[in-house]
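So the protein lines, in turn, are chains E and C.
Heads up: the first sequence begins at 1 in the UniProt record's numbering, then just goes up one per residue.
Heads up: the second sequence begins at 1 in the UniProt record's numbering, then just goes up one per residue.
Hints should not be assumed to be uniformly reliable.
Said to hold, decoys possible - Part of the chain C face toward chain E, derived, beta carbon under 7 Å:
1. 248
2. 249
3. 300
4. 303
5. 316
Stated by the list, open to error - Not the full set, but computed from the structure, chain E residues with beta-carbon under 7 Å of chain C:
6. 61
7. 164
8. 166
9. 193
10. 271
11. 348
12. 359
13. 365
Calculated directly from the structure, the hints in this document are not laboratory data.
Glycine included, each C-beta is placed from N, C-alpha and C at the ideal position.
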Amino acid sequence: MSVFDRAYDDPVRVLDKDGEVVGDVPDLDDEELVGMYRHMRLARHFDERAVSLQRQGRMGTYPPLSGQEGAQIGSATALDEDDWMVPSYREHGAALVRGLPLKQTLLYWMGHEAGNATPEGVNVFPVAVPIASQVPHATGAAWASKLRGENDAFLCYFGDGATSEGDFHEGVNFAGVFDTPTVFFCNNNQWAISVPRERQTRSATLAQKAEAYGIDGVQVDGMDPLAVYSVTRAAVEKARDPETDRPRPTLIEAIQYRFGAHTTADDPTVYRDEDEVDSWKRKDPIPRLERYLRSEGVLDDERVAEIETVVEARVAEAIEAAESEARPMPEEMFEHAYAELPPELERQYEAFAAFRDAHGDEAFLEE
Amino acid sequence: MSETQNLTLVQAVRDGLYTEMREDDEVLVLGQDVGKNGGVFRATEGLFDEFGGDRVVDTPLAESGIVGAAVGMAAMGLKPVPEIQFSGFMYPGFDQIVSHMARFRTRSRGRFNLPMTLRAPYGGGIRAPEHHSESKEAFYAHEAGLKVVIPSTPYDAKGLLAASIRDPDPVIFLEPKLIYRAFRDEVPEEPYTLPIGEASTRREGDDVAVFTYGAMTRPTLEAAEALAEEGIDCEVVDLRTVSPLDREAIVEAFEATGRAVVVHEAPKTGGLAAEITAIIQEESLLYQEAPVKRVAGFDVPYPLYALEDYYLPTAARIEEGIKEAVEF
Ligand SMILES: Cc1ncc(C[n+]2csc(CCOP(=O)(O)OP(=O)(O)O)c2C)c(N)n1
Ligand SMILES: [Mg+2]
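Model the full structure from these sequences, guided by the hints.
Structure representation (structure tokens):
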């Protein structure tokens with residue numbers, strides 16, 4: 001029986017909140033398991049540092065991910081080298097697994113154009129801020145791969161709120177019709193800024209929306225990294241190589257919680273109770289995986305301490321690198337709008353450069 | 001004498017919503033996070049507690065739904081005031097704005113009015129993330145059937161918002177978020193309206209007419225003061241409504257000097273400055289002493305915030321533009 005043949009409101013689970021095994025443990029070796037744990041610690045520590053950089057005025061508005069590491073790292077780990085991820089704006093953890101340097105994520109939220117330049121060979125689409133707008137892209141990109149016979153899977157992230165946008169429905173519908181190798185991964189973190197999941201849709205689950213488009217839909221405990229890995233891996237394999245009559249695309253609803261604010265510009269105490277936050281914090285994906293790995297003898301105090309040291313060093317290094325990046329050059333504004341600068345834009349650039357030469361940067365940076 | 005309050009622009013918007021909702025039961029607010037949260041800029045703060053969830057409505061995350069539902073409500077005679085959280089997110093609702101909000105009256109041969117006011121914060125300068133800083137008023141000014149209002153002071157914000165809500169036609173009300181909290185005005189507590197489609201002269205001067213609106217009004221006035229010290233006397237006209245434009249005010253101010261500059265943060269090509277220049281050319285050719293100078297954003301996607309100061313017109317860039325028009 002496939003993992004997709006279950007009730008929509010019956011989430012796939014592997015570990016309970018205390019790290020006890022309650023389902024089928026996926027086939028991962030110790031190194032892979034520790035790798036997942038390390039990435040989750042890295043994402044958490046990065047997140048805490050990023051929020052504090054914003055508070056200190058060293059970075060602009062930033063969307064935190066704490067609480068969502070299980071969903072991000074579990075799912076991204078399920079991709080193979082050539083697969084692609086199509087993010088929204090909160091998947092710094094998943095992007096990290098896919099090889100996007102932390103420095104890159106920092107630069108983006110520090111407002112540098114360079115932060116948008118995903119390195120060649122890192123199969124990650126640009127951040128998509130307009131909600132759900134990336135969903136049809138993931139369908140089209142997967143479709144292209146299918147048309148070319150390349151057989152890569154495309155993992156598309158979005159939030160619970162995103163399922164209300166037309167783009168979500170159009171993208172998923174196309175995937176059903178054209179049977180594209182797309183995995184739609186909904187990070188249901190219970191809130192779209194101040195709007196709770198219940199006010200987003202009258203549907204009992206988000207997973208069941210798959211039904212309307214004739215594709216598979218499944219819930220997973222999004223704070224259980226092993227369950228997320230299992231279900232995403234099954235969806236990725238099915239995307240590439242479906243059994244007869246099984247649709248390639250899947251909609252995964254990963255149930256989780258954002259511990260922090262929507263972004264650093266948001267104050268969640270206005271719209272949600274501390275009690276609710278506390279009850280979800282007891283399901284924290286990181287101690288959960290750690291307890292399991294300790295019980296399996298894969299982790300001990302020494303290894304955990306080692307990982308902590310590495311994590312802190314990597315984040316510190318990334319911050320150092322991002323902050324010592326030269327201020328972006330103003331001419332970067334004019335680059336890449338077109339393959340070739342059209343004449344009017346060339347004129348605008350020349351006027352801009354002449355003015356800057358004559359008056360210096362003070363003429364722009366005044367308040 | 002009526003009482004006044006000392007308010008910022010965003011507080012004046014909130015006060016305008018509050019007084020109009022108190023005056024008229026048919027006015028209601030809908031959008032994302034406008035309820036309990038009071039809006040991401042606090043433009044609807046306290047309204048949920050005051051008027052309840054039927055009149056201050058948190059919607060699902062869907063702009064086409066927000067605008068389209070408001071169209072339906074307005075067709076039935078309510079006066080919805082949908083909020084789009086940032087103008088950069090109006091596009092999922094663009095079809096509803098262009099295909100229906102703008103044309104319902106025409107398409108029903110006047111049977112259905114749409115007395116709705118779509119509010120959105122717009123413009124750059126606050127170090128916001130991608131897609132949060134654009135200035136695309138020209139899209140809406142291009143669309144027949146819509147009025148497009150852009151206040152530049154707290155006093156105007158309340159009066160123009162009230163006028164928009166009471167107007168039988170649909171209004172796009174763009175709020176320059178750079179100056180949401182930049183300064184305060186005395187704003188009457190009681191409801192009042194200001195006429196849509198009427199410019200306001202912010203500074204009188206004999207040498208050149210400078211037209212602007214929204215957040216660019218402040219650096220333009222700053223440039224005018226700096227130039228006054230060099231003996232250049234600028235007339236500064238705040239358009240306040242970009243559709244319909246106050247043609248008379250534009251022509252009159254231009255003809256007094258024969259020289260004009262238009263300042264906006266929106267990209268240059270196809271921006272409102274082009275329209276204003278065309279009005280001058282149509283009406284006042286024989287008065288013209290110099291080419292009309294445009295000081296505008298560049299024809300590039302709005303940069304991430306580390307470069308936005310280079311994108312937005314500053315007082316120094318405006319000064320140089322004015323000098324060019326004066327010295328021609
Ligand atoms: C089209 C669009 N409308 C509105 C916004 C403003 N906005 C940014 S995030 C957000 C809530 C998103 O909620 P959800 O989809 O659940 O994702 P989460 O932020 O919780 O990860 C909103 C309304 C936007 N970015 N794009
Ligand atoms: Mg959410």
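Q) Hint by hint, which ones does the structure fall short of? A) 1, 2
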